[in-house]
Amino acid sequence: MEIPIEKVGGVAVATVPVDELDASNSGEFKRDIGPVLQLQPRVVFDLGQLRFVDSSGLGAMLSCLRQLTAKGGDLKLCSMSKQVRALFELVRMHRIFEIYNTRQDAVQAFQQQHA
Amino acid sequence: MKEAQEFQESIERHARYSLGNPWSDLSARDRFAAVAFAVRDRLIDLHLATEQRYRKADSKRIYYLSIEFLIGRSLGCHLHNLGIRETCRQALDNLGADLEEIAEMEPDAALGNGGLGRLAACFLDSLATLGMPGCGYGINYEYGLFKQEIDDGYQREKPDNWLARSSPWQIPRPEEACLVPVYGRVERTVDRNGAYNPMWMDWKILIGTPYDMLIPGYGGQTVNFLRLYSARSSQEFDMGIFNDGDYFKAVEQKMTSETISKVLYPSDAMVAGQELRLVQEYFLVACTLRDIVRRFEQNHTSYEEFSAKIAIQMNDTHPALMVAELMRMLLDEKNLEWEQAWNITRETLAFTNHTLLPEALEKWPVSLLERVLPRHLEIIQEINRRFLEQVSALQPKDEDRLGRMSLIEESDPRQVRMANLAIVGSHSINGVAEIHTQLIKTSLVPDFYNLWPGRFNNKTNGITQRRWLLEANPALAELIRNAIGDGWITDLCQLRGLEKFASDPGFQSRFAEAKRRNKDRLTGMIRETARVNCDPASLFDVHVKRIHAYKRQLLKVLHIIYEYLSLIEDGRQPLAPRTYVFAGKAAPGYWMAKQIIKLIHNVGRVINHDSRAADWLKVAFIPDYRVSVAQRIIPAADLSEQISTAGTEASGTGNMKFALNGALTIGTLDGANIEIREQVGAENIFVFGLTADQAQAMHRERLYRPRESYDRDQRVRRVVDVFRSNLFSPTEPDLFAWIHRTLLDENDTFLHLADLAAYLDAQDTVARAFGSAGWTRAAILNVARMGKFSSDRAIREYARDIWHMEASLEAPPDESHNGARMDEVSLRAG
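Protein chains in written order, with the numbering used here: chain A, 1 to 115; chain B, 116 to 945.
The reader is advised that the hints may include incorrect statements.
[Unchecked claim] In silico lysine-lysine, DSS-like type, Cα no more than 30 angstroms apart, as pairs:
#1 B:Lys377 x B:Lys319
#2 B:Lys709 x B:Lys478
#3 B:Lys319 x B:Lys478
#4 B:Lys319 x A:Lys82
#5 B:Lys512 x B:Lys556
#6 B:Lys424 x A:Lys82
#7 B:Lys273 x B:Lys377
#8 A:Lys30 x B:Lys319
#9 B:Lys175 x A:Lys82
#10 B:Lys175 x B:Lys424
#11 B:Lys262 x B:Lys709
#12 A:Lys82 x A:Lys7
#13 B:Lys478 x B:Lys377
#14 B:Lys478 x B:Lys273
#15 A:Lys82 x B:Lys449
#16 A:Lys71 x A:Lys7
#17 A:Lys82 x B:Lys377
#18 B:Lys556 x B:Lys478
#19 B:Lys171 x A:Lys82
#20 B:Lys449 x B:Lys319
#21 B:Lys449 x B:Lys424
[To be verified] From chain A, some residues computed to sit far from chain B (all C-beta separations above 10 angstroms):
#22 Glu2
#23 Ile5
#24 Gly9
#25 Gly10
#26 Arg31
#27 Gly34
#28 Pro35
#29 Gln38
#30 Gly73
#31 Thr102
No lab work stands behind these hints, which were simulated from the structure alone.
For each residue, glycine too, the CB sits at the ideal point set by N, CA and C.
Assemble the whole structure, with the sequences as input and the hints as a guide.
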């Protein structure tokens, strides 16, 4: 899976490049985002393209978060569709992640923390 | 004329562009669909106007949740309610078609088993007629209740794939589909602020796609909807499994998700432990709540307003998971504190109980809930912990009471009591007839009543006169219209105006003539479906409803056998020739009920072929009982059999339908029979047998002695002993020997022999009265005094006492309403 990464002021913004993140591709996503997480402690996932996520997709994101927080970093999410947001709320994952409307908001949040 | 022309054009347009053929080339079934589409166009316009009206007024909404909606056919009632029946008839005349024949092509939407589901359908009609923003929420079963076929007297079940050709009434709303997680586990973590955060992990997802059926009220001012959800898989296939090469497993998984809305469970089936049923119930609740929240959040931001704007009525315990789901949503998604969430939940929810039979109260194993709905079980356990603390504080050291009231039954396996959950989570708990409500308070859940007496109330069931008189019985409806006008269509109490005609010979004669026309029609149906020739002049003695021991079809058969033996052995001719009509389905796994169907057929076979009985007795079992068949049978009945053991039938609504159509009731003091007697007068109903108190005492003090009844009364002995012979099972010896044992068993829960002698006496009284002017007078008075039993009255009471609704929202008269009036005028003139 080719995951576009953009660096904005010390923050890596990864665009999740699929419509659906589920059992069929969440393993691949985890594998391919792995090197980014190794190098970057401050990461934003832009979920603007994502229309559906199942429990393995959420599990993959949770695993990324845990990986980053274990070494003092963080993962923030942005640009969620209404449907994806609803699923996060349904299973209380919205309380684990910081979620922002836009990628600028998410990056800014990192920068304010840093400041 | 112009309206008929426009309607005709609309039908032809749909024939061509919705069905792809000119009208002349359509099959009969497609002709029905073309007409239905033309009607649906009108419904949609009126529905959009109705929704706009509700939104503008920011009306409180009522959500009626039911696992069943027994709708039956819609075309006839929609035409009446929209006031376009004559318009449609004229349009079809122009097209060379007959409205009645077209209407016969509509398959019944059999999305229910019996009373509970039919009540839900009647309530939707009343909500719309009263202009209330009330909608139904249910499941779009692909297979409705099974089709019943009879093979050598045995019931055979065939699938009823009513959606095979899709229903023209349904409007798919895929854009409003919702996601429903199930299964998985709870991971107990903390959130970013260090607070406890139970996360629901490893779930599977179902997608609920809504299909709307529009429900017009009479007059066409209000068109509400019934929203039915179909389950589908989140993906066409699980590509992960597919890519691993296991194509069949991928397909199987997809099919498993779609199974959720595949089939309606027959009642009395042993559903406890059946995982699919539990998932169905949650699927209904979860989809409905997503939709409620979506609508609520269009106009509101604060959940403090939730219960002021929303009322959710749970029709029996099947939607009781709503208590946990609403709590979950408020706690987990909306971040409310427990106390606030609990207050909102209780103020929003209300629960209708429908049964007194303890075995019919739903329970789910804790282990199953933990697997299917882990987060919900956690919430239920917390509700229980807090609730039992409250009870303990009020009644310290009463461990027995705590055990009875707990939401969890400490049995093996431990089970969640859904009725207790529904009661604890609701601000209102209602029974469906006065005696039923009384028994809920004193026998079923007295501990809860003692704790919260103010929450318990009665709402006697009702039926919609638009279907059960105006549509089902045009002959009687026309007679009534000519006598007192048509105000009764929306105010059933106006039937009181018929009282003054009860002794009028001219009216009596016309009333009897209307009944005779209905009996002629039913005679044809009996001939075609049951292969029995009967005399329409005979007394039509009718027992139609689900086949169940407590409804005592067996008691009816004992009476028939008594009459038959008296005739052939003693030469005692009945006082009136009778046709005994049965219909009803037995749950596929309910052996005894299926045996009763076989018994009815075997008794019928012997009697119908005995030339000595030919002029006196006929027995007919009409197969595949459903709403459209009921609409044919009920108007033709002379005698309505409502003979359940007192204290077992919650209310019954068949009893009301028969009386409204001028049948006299023979019944026990059970369910709504008691209130029917109060209304029609004791002299206009045949009541017999034990009271509920007497039956209860007989059980409690073990006083039932069937052997004494048998020894004391020769008639009882004679009938019971038949089952030691093979008179009714000559080719299958001892087939019915179990009935002999059951009838003489002191543990016969339904006390057949305690009531048999009184029943036979009451039937003699019936026979003496039949055919007299007194009978017709009593039948007219029954019709005249049925006002109380309209579902309009029931809904008004729910609105006033439970939903705390404001006055209904009347739309200003518009053209369609004027059209309705014109149609009714032209009908009268005709």
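query = Has the given pair, lysine 478 of chain B with lysine 377 of chain B, been kept, meaning a C-alpha gap of at most 30 angstroms?
reply = holds (22 angstroms)
inquiry  = Does arginine 31 of chain A clear chain B by more than 10 angstroms, comparing its Cβ with all Cβ atoms of that chain?
reply    = holds (14 angstroms)
inquiry  = Can you confirm whether the C-alpha distance between lysine 319 of chain B and lysine 82 of chain A stays at or below 30 angstroms?
reply    = holds (19 angstroms)
query = Is lysine 556 of chain B within 30 angstroms of lysine 478 of chain B, Cα to Cα?
reply = holds (20 angstroms)
request  = For the pair supplied as a hint, lysine 478 of chain B and lysine 273 of chain B, confirm whether the alpha-carbon distance does not exceed 30 angstroms.
outcome  = holds (29 angstroms)
ask   = Is it true that the CA of lysine 262 of chain B sits at most 30 angstroms from the CA of lysine 709 of chain B?
value = At roughly 14 angstroms apart (the allowed maximum being 30 angstroms), lysine 709 of chain B and lysine 262 of chain B satisfy the hint.
Exclusion check [glycine 73 of chain A not at the chain B interface, CB over 10 angstroms] = holds (14 angstroms)
ask   = Taken at face value, is the distance from the CA of lysine 82 of chain A to the CA of lysine 424 of chain B at most 30 angstroms?
value = Given that 30 angstroms is the threshold and the Cα spacing comes to 24 angstroms, the pair holds.
query = Given the hinted pair lysine 449 of chain B and lysine 424 of chain B, is their alpha-carbon gap at most 30 angstroms?
reply = holds (17 angstroms)
ask   = Taken at face value, is the distance from the CA of lysine 82 of chain A to the CA of lysine 171 of chain B at most 30 angstroms?
value = Answer holds: lysine 171 of chain B to lysine 82 of chain A is near 26 angstroms, not above 30 angstroms.
query = Are all C-beta atoms of chain B more than 10 angstroms from that of isoleucine 5 of chain A?
reply = holds (25 angstroms)
ask   = Would proline 35 of chain A pass as off the interface with chain B, using Cβ distances and a cut of 10 angstroms?
value = Proline 35 of chain A clear of chain B: closest Cβ-Cβ about 23 angstroms, beyond 10 angstroms.
Hint violations for this structure: none, all hints satisfied.
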